[in-house]
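Student: Generate coordinates for the entire structure from the input sequences, incorporating the hints supplied.
Chains as they are written, first to last, in our numbering: chain B, 1 to 475; chain R, 1 to 101; chain S, 1 to 171.
These aren't lab readings, by the way, just hints derived from the structure by calculation. If you're wondering where the values come from, they're calculated on a predicted model, not measured in any experiment. Check before you lean on any hint, since a few could be wrong.
Unchecked claim - Which residues of chain B face chain S? A few of them, derived with a C-beta cut under 8 Å, are:
{"id": "1", "residue": "21"}
{"id": "2", "residue": "64"}
{"id": "3", "residue": "115"}
To be verified - Computed footprint of chain B on chain R; a stretch qualifies when at least three of its residues, placed anywhere within it, have a C-beta under 8 Å from a C-beta of chain B:
{"id": "4", "segment": "39-48"}
{"id": "5", "segment": "56-64"}
Unchecked claim - Heads up, simulated DSS-like pairs for lysine-lysine below, C-alpha to C-alpha not over 25 Å straight-line:
{"id": "6", "chain 1": "S", "residue 1": "167", "chain 2": "B", "residue 2": "97"}
{"id": "7", "chain 1": "S", "residue 1": "167", "chain 2": "R", "residue 2": "88"}
{"id": "8", "chain 1": "R", "residue 1": "88", "chain 2": "B", "residue 2": "365"}
C-beta: ideal position from N, C-alpha, C; glycine also.
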Amino acid sequence: MFNNAQEFFNTLPLIIMGGGIVISLLIEIYSDKNKVILPWFTALLFLAVGLHSLFYTNDVSIVMQNMLATGGNVNIFYAIFTLGAAVVTLISIDYIKKYDMYFGEYYLILQTSVLGMMLMAAAKDLFVIFLGLELMSISFYILAGMNRKRAKANEASLKYFLLGSFATGFIVYGIALIYGSAHTTSIDFITTNFAGLTSNLLFVAGVLLFLIGFSFKIAAFPFHMWVPDVYEGSSTTVAALFSTGGKSAAFSAIIASLFALFNGPSGNVFTPYFAVISVLSMFYGSIVAIAQVNIKRMLAYSSISHAGYLIIGLAAGNHDAIAGVMFYLGAYTFMNLGAFGIVSLVEGKNETNLDINSYAGLASKKPFLAALLSILMFSLAGVPPFAGFFGKYYIFIAAIESKLTWLAILGVISSAISAYFYIRIVVLMYFKPATNDFQIETSNSAMLGIITSVIIVILLGIFPGSFLDLITRFI
Amino acid sequence: MNIPIEYYLILSAFMFFVGVAGVLTRRNAIIVFMSIELMLNSANLTLVTFSSYLGNSIGQLFVFFVMTVAAADAAVGLAIIIAIFRNKLTVNIDEINILKW
Amino acid sequence: MTLQIVLFFIFAAVSAVTAVIMITRTNAVISALFLVLNFASLAGLYLTLNAQFIAVTQIIVYAGAIMVLFLFVLMLLRPENEKKILDMKPKLQIFAMIIAFIVFIQIAYIIFFAQPLQNISPDLTNSIKAGTIEAIGRELFTKYIVPFEAAGFLLLAAAIGALVLAKKKFE
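Tutor: And the structure:
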């Protein structure tokens, strides 16, 4: 199973996560104080796995009969997923009490979804990609419908479920065609023989079906219709996980399974597909977001346009693009989690304060919260000193390297459009009189999560080089 | 094995198309879900065909996992449909319209 | 005409026809029953492909467990029949049908004209060997142990989730 200690330590995040799920199940069944222990156990579990992955990055080792790749850039993905999930846990603790929907199962399903994401990032075989994806997706359907007294949550869960399974159908059919043309599901084989395989129409059709299925999961334009409804309908904390963890995991799976896409100096057969859906997602997301009044729907459309920027990296298809996509995913995870965290804090019982106009005058009542939200909004808009700027910068540079300058220019135009609706929130908070009395219940755990993500966003903005070095060391 | 492999593949492509058409046109959530099961089954047929004609069992193993996933999907999906039926007393997608579809 | 070809055409015709009937019925129970028939004929097709283990699993898991769950839920909820198959936004649905049909034509074209398919030389001995429980079980518990464990977690999550979503008592 393991040939040496390094392989074992590289695989440890997956083992701890799997063991953690079993322990959580036992805590939920046997402990009398499960309502106190389980949330904090979950947060600490995610933190432990995340810190281990971040500080124990070695070269990649292939373990378990060529099924898993661990260490290296896979560990960086682990860190993004688990630290993101730790923040989600922190903002959930008081939020789900506010809605009277405490279920121990909530934390358990959170853990299984993160295990699914980790398997997708680690996959060296299409089997593992498929099962990781399904583990994550099924957990997400459950999380979306967890607050089952609300009709909206039921509906969000049904929509997510039907469209998600529809996408799964495409992915399975795509994998079947890939298997038929490559005669194996091993990703190493596909990577080494990629040039020969792409001359085979059956393989190209299979990969396209596979990518269409994944386009649903990353919320790219023609396959985005579930995003606003699901984010609006499900709990804010869960929507935060969908938009960050779910998207990062889908990108990690595309990078893991189609690594060969990134070997060419200037793109490949699939570049036109990526270029078209990235342009459509960026502009559709940015333009429709302007018209939104519900802040969760606005963040959903912003998530579609961010998917567009990330797909530019896939279209560019070189090693700098992978580094750019990973940096952007790290930055996007924390800025979006912070923003959703503040929304979940401001949100009153029974879904009040979700209108963007209810943020008017927040600065005079809660100056600290308003300052944090402004930092996150500036970062999402891509204003220089923050992490969001450098994510976009690295991706656009990679696109220019691949002679896709027009795509980079369209990306810059789209981010200029999207700056409007991010900055509008800041203007509302600082320059409009307060119409709302902001009965915000204080929540120390949520504040801890939000402040952590803001600190990470600022640190990634000030020292982008050190995180980028960590990523590029393994590509 | 004197049946050309194309026959099986065309049959499964046809079933996949019927499944996709069912998902896109039907409004009853349960029938939509059954159409998704049909799509998964047509993919299974492709996998088994390739597995049999190539003489390796990878495709059949994959079908085994697809069946596991389909069972898990059915459990969760039908639980969601029961939850929504309790609140709204309908399974018609068009009547489930608080959020814009 | 060998027996295999006759069986293939019978099962293929049944599965294609039942699939079409399944998506065109207004009554969900009738749809579900035709889907059971479709799954059973697929099991027959798997037998013509020498996939004995998958054929049996198809009957037990799909026709036996999943479809029974569907029928159980249909019995529990008793949804009313749809009035028409194409009622809401007919133009959009016809457009969607056309797109789906074009995709089907393309896939069929690729299948007929793809070079590598002609290079696949069917080998009866290997084919029979690949479909036995022995071959599948050996691979499953050695090489594919990670997906197997992942499937275990998947079923755990699904069982917990189904309980949370559908249990009667709400705290």
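Student: Work down the list of hints and note, for each, if the structure agrees.
Tutor: A quick look at each hint next to the structure:
1. Taking 8 Å as the C-beta cut-off, the interface hint given for residue 21/B holds, the closest approach to chain S being about 7 Å.
2. Interface restraint check: residue 64/B against chain S, minimum CB-CB distance 5 Å, threshold 8 Å, status holds.
3. With its C-beta approaching chain S no nearer than about 6 Å, residue 115/B sits inside the 8 Å limit, and its interface hint holds.
4. For the segment 39-48 of chain R, the proposed coverage by chain B is satisfied: 7 residues have a C-beta within less than 8 Å of a C-beta in that chain, meeting the threshold of three.
5. Three residues within the 8 Å Cβ limit are the bar, and the segment 56-64 of chain R against chain B gives 5, so the coverage statement holds.
6. Taking the CA atoms of residue 167/S and residue 97/B, the gap is about 20 Å. The hint holds against a cut of 25 Å.
7. Taken as a hint, the residue 167/S and residue 88/R pair is honoured in the structure, with Cα atoms around 17 Å apart against an allowance of 25 Å.
8. This hinted pair does not check out: residue 88/R and residue 365/B have alpha carbons roughly 39 Å apart, beyond 25 Å.
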